[in-house]
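A.B. asks: Each chain, letter by letter, is given below.
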Amino acid sequence: MSVQTATSPTTRRFDPLACKDDLDAFRAEVRAWLEAVVPADWHARMTGASEADYVAFQRWWFAEMGKVGLATPHWPRDWGGADIGIRHQVIIFEEIARAQAPNPDMFVISLYHLPATLFGNGSKAQRDRYLTGVKERGEVWCQGFSEPGSGSDLASLRTRAERKGDVYVINGQKVWSSYGAFADYCLLLARTDPTAPKKQAGISYFILNMKAPGVTVRPIRQATGQAEFCEIFLDNVEIPVADLIGEENAGWAIAQSTLSAERGLIIFELSERMARTLDADLAEAKRTDAAWLKDDEARRAFTRAYNDMVALRLMIRALMQEIETDPHMGSTTMPTYIKVHFSELLRRYTEFRLKLGGLAGQLRQPIVLGGGHQTGNVMHDFLLSYAWTISGGANEILKTMIAERALGLPR
Amino acid sequence: MSDGHSDGMDLEALRDGVRAVLTEQASHEKVAAFTNAEGVRDEPLWSQAAELGWLALSADEAHGGLGLGSSELAIVYEELGRALAPLPVLGTMLVVEALARGGDAAQQAAWTPRLAAGELAGAVSMLTPGDRTTRLTLSAGADGGVTLDGVAADLLDGAAADILLLLAREGEGLSWVLVEPALDGVVVEKVATVDRTRRLGEVRFDRLALPAGRVLMGDAGQIADALLAHAALALASDARGGANAVFEITLDYLKTREQFGKPIGSFQALKHRCADHKIALVASGALVAEAVARMASGDPAAGRYALAAKALATEVYARVAQDAVQLHGGIGYTWEHPCHLYLKRAKLNEQLFGGPAAYLDRVTDLLLAAA
Numbered sequence: 002m003s004v005q006t007a008t009s010p011t012t013r014r015f016d017p018l019a020c021k022d023d024l025d026a027f028r029a030e031v032r033a034w035l036e037a038v039v040p041a042d043w044h045a046r047m048t049g050a051s052e053a054d055y056v057a058f059q060r061w062w063f064a065e066m067g068k069v070g071l072a073t074p075h076w077p078r079d080w081g082g083a084d085i086g087i088r089h090q091v092i093i094f095e096e097i098a099r100a101q102a103p104n105p106d107m108f109v110i111s112l113y114h115l116p117a118t119l120f121g122n123g124s125k126a127q128r129d130r131y132l133t134g135v136k137e138r139g140e141v142w143c144q145g146f147s148e149p150g151s152g153s154d155l156a157s158l159r160t161r162a163e164r165k166g167d168v169y170v171i172n173g174q175k176v177w178s179s180y181g182a183f184a185d186y187c188l189l190l191a192r193t194d195p196t197a198p199k200k201q202a203g204i205s206y207f208i209l210n211m212k213a214p215g216v217t218v219r220p221i222r223q224a225t226g227q228a229e230f231c232e233i234f235l236d237n238v239e240i241p242v243a244d245l246i247g248e249e250n251a252g253w254a255i256a257q258s259t260l261s262a263e264r265g266l267i268i269f270e271l272s273e274r275m276a277r278t279l280d281a282d283l284a285e286a287k288r289t290d291a292a293w294l295k296d297d298e299a300r301r302a303f304t305r306a307y308n309d310m311v312a313l314r315l316m317i318r319a320l321m322q323e324i325e326t327d328p329h330m331g332s333t334t335m336p337t338y339i340k341v342h343f344s345e346l347l348r349r350y351t352e353f354r355l356k357l358g359g360l361a362g363q364l365r366q367p368i369v370l371g372g373g374h375q376t377g378n379v380m381h382d383f384l385l386s387y388a389w390t391i392s393g394g395a396n397e398i399l400k401t402m403i404a405e406r407a408l409g410l411p412r
Numbered sequence: 003m004s005d006g007h008s009d010g011m012d013l014e015a016l017r018d019g020v021r022a023v024l025t026e027q028a029s030h031e032k033v034a035a036f037t038n039a040e041g042v043r044d045e046p047l048w049s050q051a052a053e054l055g056w057l058a059l060s061a062d063e064a065h066g067g068l069g070l071g072s073s074e075l076a077i078v079y080e081e082l083g084r085a086l087a088p089l090p091v092l093g094t095m096l097v098v099e100a101l102a103r104g105g106d107a108a109q110q111a112a113w114t115p116r117l118a119a120g121e122l123a124g125a126v127s128m129l130t131p132g133d134r135t136t137r138l139t140l141s142a143g144a145d146g147g148v149t150l151d152g153v154a155a156d157l158l159d160g161a162a163a164d165i166l167l168l169l170a171r172e173g174e175g176l177s178w179v180l181v182e183p184a185l186d187g188v189v190v191e192k193v194a195t196v197d198r199t200r201r202l203g204e205v206r207f208d209r210l211a212l213p214a215g216r217v218l219m220g221d222a223g224q225i226a227d228a229l230l231a232h233a234a235l236a237l238a239s240d241a242r243g244g245a246n247a248v249f250e251i252t253l254d255y256l257k258t259r260e261q262f263g264k265p266i267g268s269f270q271a272l273k274h275r276c277a278d279h280k281i282a283l284v285a286s287g288a289l290v291a292e293a294v295a296r297m298a299s300g301d302p303a304a305g306r307y308a309l310a311a312k313a314l315a316t317e318v319y320a321r322v323a324q325d326a327v328q329l330h331g332g333i334g335y336t337w338e339h340p341c342h343l344y345l346k347r348a349k350l351n352e353q354l355f356g357g358p359a360a361y362l363d364r365v366t367d368l369l370l371a372a373a
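Listed in order, the protein sequences are those of chains U and Z. Quick note on numbering: the first sequence equals residues 2 to 412 in the numbering used here. Quick note on numbering: the second sequence equals residues 3 to 373 in the numbering used here.
Hints are not guaranteed to be accurate.
What the hints assert, rightly or not - Here are the computed lysine-lysine pairs in the DSSO-like style, where the Cα-Cα straight-line distance is at most 27 Å:
1) Z:Lys346 with U:Lys199
2) Z:Lys257 with Z:Lys346
3) Z:Lys346 with Z:Lys192
4) U:Lys199 with Z:Lys257
5) U:Lys199 with U:Lys165
6) Z:Lys264 with U:Lys200
7) U:Lys165 with U:Lys200
In short, the hints are calculated from the structure, not lab data.
Let the hints inform the model, and build the full structure from the sequences given.
C.D. replies: Shown next as structure tokens:
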């Protein structure tokens, strides 16, 4: 696929942030920009695209968003963002979902987890260097948390980091790193004190240059046939001491802020897309007088899912209000409720579509990369729903957390 | 529920006040005593509710009410549900709303102040989504009056009511007609439900003559839609309150009850069920609150939200209450323990004014119409 925009040479310049003081004008500008920039046929062009085309498309889309200040608008101004409020964020997500624009999922760690991690813990030098790298050079980040054998018991990780002079020497293995094959940097957790009485206490948080000698990346083919995840092998990799985030052995608490970023804002965009999907499915069924509209069981399953989707969006709005009051923390429990609710709804709804798809839904078809859960390929979307019930803390782990932390049940 | 036309009141203060009274006056012991005595309404509590103005919340200020709306009513319904209070508030408030929407000045003046003051309790025909059938017929009577024939069954709070508002067929159309059970020849049969905090009523009419001024003039279908939305939000709120209450009782039990040498709440299988319930309570609670807010602001889609909230919240309540009995083990299955009261109320809520399937079907139709 050749990467080119749908814009004509005479297209005017767009500047949504210039009208951020007027929410309606801001929305109109975002919408106009999306109409001009998102190629109408991108779904078709990305269907069955190669990995290289996918990466090129992601980079193009990220650059386009950056040109109008919408790649990192949620970052503080000092960090190269626009410091916009949550209301603007809501509008951007709503309009992106409405336009069915591409999902810049290759940049999720760069856009959310990295700033959440550096906020309050990173040094100024780290923020200047790495946030600028994302904003101006489109640097891709991945996350090196999980390990073979550690799974949801993240604190049991065994990758070692030993300080030798001005560097830490890393040995070990990471797994399930999304987009690790394309990443420039990695948010890495490693054990600096194997003798710590509590296993959480001996972990440190590093910035790993994926190009450093001793780093080997191997893609893992997943159930969908894609290879979004990677294994990362670390063999005497040297990380400069300057790339330690926060204090040595204090990585566990910092990792919690990284993870909470994952459970909040990102799902907001997905929920907006989900809302569009359900509305579009219903409109399509109405337009084609689909058979399932005459099937009570299917109709009720749809409406149950629809009600759950509405509830999801309301929960996210409640979270947004909390974040508006306390921008970098938000509720301690709501993001977890949202993640579990969203992922289970996604599983149920993708399975609903799969059932409606009948035998045709079982046929192998090329998929739309970067389409989120609206690829239109029902079996692929169903399989992909596991990425949400398992990753970011398996739902079972989160339910134990809810029971103990929110409900106060004994350990 | 109608949209209020004041700026509302401090909702949390209202909630605290209602809860404080109900904690005292509708304790589990008192509710259990009431249900064992087979009463139709808790008279001392009813008087207190009237004195405190709970029944006057939504009535117009011109008729002795406070002129408030759905937000305030929903809090009262939620707290009544939390306490399992045996009060015919819903039936009464439905008659107030119907009068506000379809009553003429004389009808409102005659009935609304007495309903708002708690002198009269009301009950209305059992409506369901998508079904407007009635077994009552209305025909012209003497002196400008009307004659009523047939049966009105399944009247929620009917046995406790002093005024009934019934949907009757009149020729090709439908009408709402006000009937006092105290009239000669009218007997409301008490129909016992398994949920002893509430009763249904059934009444039969054999050429009952009613004086003029007993038929509401407003559009009967629109009144029915409004009453159904009101009932849906009331039951959704009752479900929200009851579900949270029985869940809290269950959590307390899981934290203290020991088996195999440790609190049973430490077992993962039980924890995960509680987490599932918590998430469902947060999700359904958000939908109920949104429906209430939309109703209060007069949003055109409020009716759809109310029906969706009823379907979701009553199903969640039933699920939580069912599991509460199970999680309490043998004690939860006893008559002495309040679990079964919540379970029975939850299961009745699911069916009152139509079951979950009817609500889902109606919501689907409304979504399709808007698609």
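A.B. asks: State for each hint whether it applies.
C.D. replies: Tested hints:
With a C-alpha separation of about 48 Å, the suggested pair Lys346 of chain Z and Lys199 of chain U falls outside the 27 Å cut-off, and the hint is violated. Of the pairs offered as hints, the one joining Lys257 of chain Z and Lys346 of chain Z holds, with about 25 Å between alpha carbons and a cut-off of 27 Å not exceeded. With a C-alpha separation of about 18 Å, the suggested pair Lys346 of chain Z and Lys192 of chain Z falls inside the 27 Å cut-off, and the hint holds. This hinted pair checks out: Lys199 of chain U and Lys257 of chain Z have alpha carbons roughly 26 Å apart, not beyond 27 Å.
Using a Cα cut-off of 27 Å, the hinted pair Lys199 of chain U and Lys165 of chain U holds, with the two alpha carbons roughly 24 Å apart. About 25 Å separates the Cα atoms of Lys264 of chain Z and Lys200 of chain U, which keeps this hinted pair within 27 Å; it holds. Proposed proximity of Lys165 of chain U and Lys200 of chain U is supported: the alpha carbons are some 22 Å apart, at most 27 Å.
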